[in-house]
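> Spelled out from the first residue to the last, the chains are:
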Amino acid sequence: MLYFEKRQSVPQHFKIIIPIISLLIGLAIGAISVAIAGINPIDVYGGILSNAFGSWYAFSETLVAATPLILITAGLIVVFKMNIWNIGAYGQYIMGAIFSSYFALFASNGLSKPMMICVMVISSMVGGAIWALIPTLLKIFWEVNEVITTLLLNYIALYILKFLMYGPWKNPASYGFPLSKTFPQTAILPVLFKDTRLTIGIIFALISVFIVWFLIKKSKFGYEIRVIGDNPLAARYAGISVNRDIIIGMAISGALAGLAGMTEVSGIVHYLQVKIGADYGYTAIIVAWIAYLDPLVTILASILFGGLASGGYSLQITMRVSYGIVGLIESITLFSLVGAQIFLNYKLRWKNGSP
Amino acid sequence: MVHHSIYISLLANTIKAGTILLFPTIGEIFSERAGILNLGVEGMMLVGAFIGFIVSYITKNPYLGFIAGVIAGGIASLIHAFISITLRGNQIVSGLALTIFGGGFTTFYGQKWINMTLNNTLPIIKIPILNKIPYIGPIFFNQDLIVYLSYITVFVMWFILYRTTTGLNLRAVGENAKAANAMGISVYKVRYIWTFFGGLLAGAGGAYLTTSYAPFWLDSITAGRGWIAIALVIFAMWDPLKALFGAYLFGGINALQFQLQATGTTIPSAILNMLPYIGTFIVITISSIIVKTKHIKPPKELGIPYIREEK
Amino acid sequence: MAEIVLETKNITKMFPETIANKNISFNLKKGEIHALLGENGAGKTTLMNMLYGIYMPTNGDIFINGEKVTIKSPLDAIKLGIGMIHQHFMLVETLTVLENIILGLKEYGFIINKKAVKEKLREIENLYGLKVDSDIKVWQTTVGEQQRVEIIKVLFRGANILILDEPTAVLTPQETQGLFKILKRMKDDGKSIVFITHKLEEVMQIADTITVLRKGEVVKTLLKNETTKSELAKLMVGKTTLRDFQKNKKETNEVILNIENLTVYSDKGTKSLKSINLQVKKGEILGIAGISGNGQKELVQTIAGLKKVAKGKIIFNGLNITNKHPRFISRLGINYIPADRLAMGVAPNLSSIDNAIMRRYYRFPLSKKGLMNYKKAFAYTRMMTKAYKIKLDNPFAPIKLLSGGNMQKLILAREILENPKLLIASYPTRGLDIASTQFFRQKLIEIANKGKAVILASEDLDEILSLSDRIAVMYEGSIVGILEAEKADKNTIGLMMTGAKA
Numbered sequence: 001m002l003y004f005e006k007r008q009s010v011p012q013h014f015k016i017i018i019p020i021i022s023l024l025i026g027l028a029i030g031a032i033s034v035a036i037a038g039i040n041p042i043d044v045y046g047g048i049l050s051n052a053f054g055s056w057y058a059f060s061e062t063l064v065a066a067t068p069l070i071l072i073t074a075g076l077i078v079v080f081k082m083n084i085w086n087i088g089a090y091g092q093y094i095m096g097a098i099f100s101s102y103f104a105l106f107a108s109n110g111l112s113k114p115m116m117i118c119v120m121v122i123s124s125m126v127g128g129a130i131w132a133l134i135p136t137l138l139k140i141f142w143e144v145n146e147v148i149t150t151l152l153l154n155y156i157a158l159y160i161l162k163f164l165m166y167g168p169w170k171n172p173a174s175y176g177f178p179l180s181k182t183f184p185q186t187a188i189l190p191v192l193f194k195d196t197r198l199t200i201g202i203i204f205a206l207i208s209v210f211i212v213w214f215l216i217k218k219s220k221f222g223y224e225i226r227v228i229g230d231n232p233l234a235a236r237y238a239g240i241s242v243n244r245d246i247i248i249g250m251a252i253s254g255a256l257a258g259l260a261g262m263t264e265v266s267g268i269v270h271y272l273q274v275k276i277g278a279d280y281g282y283t284a285i286i287v288a289w290i291a292y293l294d295p296l297v298t299i300l301a302s303i304l305f306g307g308l309a310s311g312g313y314s315l316q317i318t319m320r321v322s323y324g325i326v327g328l329i330e331s332i333t334l335f336s337l338v339g340a341q342i343f344l345n346y347k348l349r350w351k352n353g354s355p
Numbered sequence: 001m002v003h004h005s006i007y008i009s010l011l012a013n014t015i016k017a018g019t020i021l022l023f024p025t026i027g028e029i030f031s032e033r034a035g036i037l038n039l040g041v042e043g044m045m046l047v048g049a050f051i052g053f054i055v056s057y058i059t060k061n062p063y064l065g066f067i068a069g070v071i072a073g074g075i076a077s078l079i080h081a082f083i084s085i086t087l088r089g090n091q092i093v094s095g096l097a098l099t100i101f102g103g104g105f106t107t108f109y110g111q112k113w114i115n116m117t118l119n120n121t122l123p124i125i126k127i128p129i130l131n132k133i134p135y136i137g138p139i140f141f142n143q144d145l146i147v148y149l150s151y152i153t154v155f156v157m158w159f160i161l162y163r164t165t166t167g168l169n170l171r172a173v174g175e176n177a178k179a180a181n182a183m184g185i186s187v188y189k190v191r192y193i194w195t196f197f198g199g200l201l202a203g204a205g206g207a208y209l210t211t212s213y214a215p216f217w218l219d220s221i222t223a224g225r226g227w228i229a230i231a232l233v234i235f236a237m238w239d240p241l242k243a244l245f246g247a248y249l250f251g252g253i254n255a256l257q258f259q260l261q262a263t264g265t266t267i268p269s270a271i272l273n274m275l276p277y278i279g280t281f282i283v284i285t286i287s288s289i290i291v292k293t294k295h296i297k298p299p300k301e302l303g304i305p306y307i308r309e310e311k
Numbered sequence: 001m002a003e004i005v006l007e008t009k010n011i012t013k014m015f016p017e018t019i020a021n022k023n024i025s026f027n028l029k030k031g032e033i034h035a036l037l038g039e040n041g042a043g044k045t046t047l048m049n050m051l052y053g054i055y056m057p058t059n060g061d062i063f064i065n066g067e068k069v070t071i072k073s074p075l076d077a078i079k080l081g082i083g084m085i086h087q088h089f090m091l092v093e094t095l096t097v098l099e100n101i102i103l104g105l106k107e108y109g110f111i112i113n114k115k116a117v118k119e120k121l122r123e124i125e126n127l128y129g130l131k132v133d134s135d136i137k138v139w140q141t142t143v144g145e146q147q148r149v150e151i152i153k154v155l156f157r158g159a160n161i162l163i164l165d166e167p168t169a170v171l172t173p174q175e176t177q178g179l180f181k182i183l184k185r186m187k188d189d190g191k192s193i194v195f196i197t198h199k200l201e202e203v204m205q206i207a208d209t210i211t212v213l214r215k216g217e218v219v220k221t222l223l224k225n226e227t228t229k230s231e232l233a234k235l236m237v238g239k240t241t242l243r244d245f246q247k248n249k250k251e252t253n254e255v256i257l258n259i260e261n262l263t264v265y266s267d268k269g270t271k272s273l274k275s276i277n278l279q280v281k282k283g284e285i286l287g288i289a290g291i292s293g294n295g296q297k298e299l300v301q302t303i304a305g306l307k308k309v310a311k312g313k314i315i316f317n318g319l320n321i322t323n324k325h326p327r328f329i330s331r332l333g334i335n336y337i338p339a340d341r342l343a344m345g346v347a348p349n350l351s352s353i354d355n356a357i358m359r360r361y362y363r364f365p366l367s368k369k370g371l372m373n374y375k376k377a378f379a380y381t382r383m384m385t386k387a388y389k390i391k392l393d394n395p396f397a398p399i400k401l402l403s404g405g406n407m408q409k410l411i412l413a414r415e416i417l418e419n420p421k422l423l424i425a426s427y428p429t430r431g432l433d434i435a436s437t438q439f440f441r442q443k444l445i446e447i448a449n450k451g452k453a454v455i456l457a458s459e460d461l462d463e464i465l466s467l468s469d470r471i472a473v474m475y476e477g478s479i480v481g482i483l484e485a486e487k488a489d490k491n492t493i494g495l496m497m498t499g500a501k502a
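Protein chains in written order, with my numbering: chain Z, 1 to 355; chain H, 1 to 311; chain S, 1 to 502.
Since the hints were derived computationally from the structure, they do not count as laboratory data.
The beta-carbon is built from N, C-alpha and C at its ideal position, and this holds for glycine as well.
Be aware that a few hints might be false.
Claimed, not checked - FRET-style restraints, in silico, Cβ to Cβ:
# : chain 1 : residue 1 : chain 2 : residue 2 : range
1 : H       : Ala262    : Z       : Ile20     : 50 to 60 Å
2 : Z       : Asp43     : S       : Thr58     : 54 to 64 Å
3 : H       : Phe82     : S       : Thr58     : 26 to 36 Å
4 : Z       : Arg244    : S       : Arg363    : 12 to 22 Å
5 : Z       : Asp43     : S       : Ile19     : 33 to 43 Å
Here chain Z stands alone, though its shape is the one from the complex (with noise of 0.2 Å):
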């Protein structure tokens, strides 16, 4: 019969190892998936590499789509250490997107470009934060559940996007469509390399990731926070801020993510749409997981997850397939991913007889 027995260390090799394996296993049901809609697996593959990877342009795409995931997850990354459940890195992003937006839209005039850009920087980060800090202050005076809240902001983020998009900031230049007028040339991000859509929000996004290594390796705040996430009674007793630590963490979570909406609307959109990037707040879930919240693997993965995107989407468009396909292999690596730890912990050991 089998059975899992305890190590006693943990096999260092291991934390390698897993987040691959599970990228293989979700990668092949993927590819049966795909067959079993009867279309080739190989070809599906190819495309999302090429798509992804296959050209300095293709290349420019995948990163322009790790952009906000790096930023995203730099920042779940300060709240999952202390094991508080920030999904609501969507509804934050929109928030940013909004925030900044207000000012693109109706408060650009006489603003440099440095300041434009600063000014909205800023508020898409205050308006990320307010989105992030809502659930955040509600559980820590009444204990109500973060999943659940930042989950519902998500939607009702969406929706206030939405209202405004049908409304109140609609072009009425868009025939109908759901999007506001085009921001003004001060409010868009620069452009790093001519010919591609990678903007210095990609820099943004690095410094971030910086910052927060920074803050995690070196500072006070990085160890509070390692105590925190594994024995909150434990962090108390050890006279540790709690709440505030909290606090500060969902700030700079709902910041990132508010920053990665600005960098998105500002750099790649250019006008306020009701679609803007859905899934990054979800896909940074998975890689703050596979790169074991380690800030500085987090850029890897952002840009393999990036390029799943970006391959996705091309594909959708080129073949016809689904994107959905994404969503499948993303969750069916992540299921490897949260199911493969035990192996840190335990062995797989066969004992014959009775157990």
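Once you have looked at the hints, place chains H and S on chain Z.
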């Protein structure tokens, strides 16, 4: 008299819309009572809705479709059960993965079914005598078979929970798994059974949606109802009877929103569509305050993997 | 000679890095009370867990009524007529007593037949004098009642062999006598009882046969009538013997901590502390005695700033610290050793270093301008492990991999190294071997001798009696009385623990 019938039909629709939430809420209550938090309700509902829809479409029999949807939800829940019970994985993340899975799976395979409509929906079966009761009759007893099944489910499950050994074992496992194990109850078995049951009922909610309330196919057709159901579990304080009120309250919001949209209103549709989520947000906040001030505790073992001591 | 109902032959139990039991052979006769005597960590509980199907032996055989058996689960054990009363009760608090008693049984029907259950309960009550109210929820009962429920549970299943693991640890001396009466009635009824303990007096009072365990092995099996307490003590601890502690009696009347009318609510909304008044003086060790669950934990945690004060005041060195932040309180010189190390004392998945610096990570030199200096943290941990003889192979490995004793030592060292003015120690020597226990008891006395103060809350009355200058006894959230340790005896304290005034 015209106004009168509008209210009756609004309330009858409330029951219908509430039924979509009632099944998954009951299912999640039992799963959580066993100590397993399954945040994949939305995903299981989507799978149930999708399979329910296509089986109804192909067989032209909504009952078969409904049953298929129920089973599909159950099967989906087994992934979560395996990861959180056998592999002792993080239940929050596994549940989220299940939700993403439900979305991905149904979007991928549902591509060619988008905007198709079902002609044979669940037929109304009037219950003789009872449906003649003024007000009550047309609201509660002028419904389809699945609605009646939901009434039975609530009361039977309440009875099982509080009056039978099965319910006793379930409650013990969710409150103190170690003690339950010491009394010879298999914690793993109980958890598998009730997580599966939760999946069946989530599937039922989804399947009821596409075989009766909204008989067509769209991506993410459940639109967050799975999350509302999870919130309702807290509203119901893990009691099946209280779940009935919560589900019908939100069914009411849904029905009202639908009616307003149909009759034409000046309220923007985005605001109308936001209502259920705002409502859920408020309800979960208030219920949490009540739970906290009245010192009601969720099942103690909720979300904690059970590790039988090594032999 | 009475028949042998249970026999183990050469039982060995190996865990990945330790041998918990080695070649254990012992037998239990019908109608006898057989004491299993040994120190903490001698392997008593491991052995019994194998008889109850919680562990499986690595080697060796178990015989019930002469037949070889394999016990794979508690269910198997129950079927073989073995019942176990665990040290930590296996009760579901939110269920009623009746529901707990029939938990896992099938013979009372799908729909529970309460009438039949109550009838059988009355039979057991008449037979052994075990009485409980079966309709109330377990969390509403006292610890003594909960133990009765556990015994009834076992009898209800028709057990002939009862294993009691340290059953008197949670009882007052009077309740202990009550338990012994019940055990004798069960013995007269032909039941066989295994009584696990480390208390010599109880062994001499209740046992017929005694098997002494040390370091996982049987030292000797003897008949009670043919042995003495001192022989048993020698067998149990080997060469080391307990010695008395030397205290420099420095009479001081200077109050360091003053608690006035302290009222605290539990998270169930009931009062866990009711208008407590207490003073601690410099240079003394104040013992706090009480049955677990009577407010000792709440009292010490409230002083440490971990529970909210509803009414009343706590004054430390003239400063009001009521509802102050735990950090503020610890910086004033109050340090706290929690009773449950895994629940509060450590962050189990973090490294030993991270845990060792928990009290001072925010201060120079470990931290400067918000940045951590982990090199200094490493050096500090090294110093700590050397000074307190903590066995630490890899300070970067999660602390949960340490043995319980080593983990406890690290917690004690961490708090003592803060050089507290007031040290609050909850059950500080739980799980330590004799040598370490001696070492840390000596430390507590040194602290008091230096003119500082110690609050010692413990369930171990012997520990409290041997160390304290004064003893405060708690019952249902109140202090029933405060005794001078010299004038106190176990019996008086025991009576007070059940609410009798001094």
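> Against this structure, judge whether each hint is valid.
Here is what the structure says about each hint:
About 52 Å separates the C-beta atoms of Ala262(H) and Ile20(Z), a value consistent with the hinted range of 50 to 60 Å. Checking the proposed 54 to 64 Å range against Asp43(Z) and Thr58(S) shows it holds: the Cβ atoms sit about 55 Å from each other. Taking 26 to 36 Å as the suggested C-beta distance range, the pair Phe82(H) and Thr58(S) conforms, at roughly 30 Å. Distance hint check for Arg244(Z) and Arg363(S): the Cβ-Cβ separation is about 18 Å, which falls inside the suggested range of 12 to 22 Å.
The beta-carbon spacing between Asp43(Z) and Ile19(S), approximately 60 Å, falls outside the hinted interval of 33 to 43 Å.
Checked against the numbered hints listed earlier, the structure breaks hint 5 alone; every other hint is satisfied.
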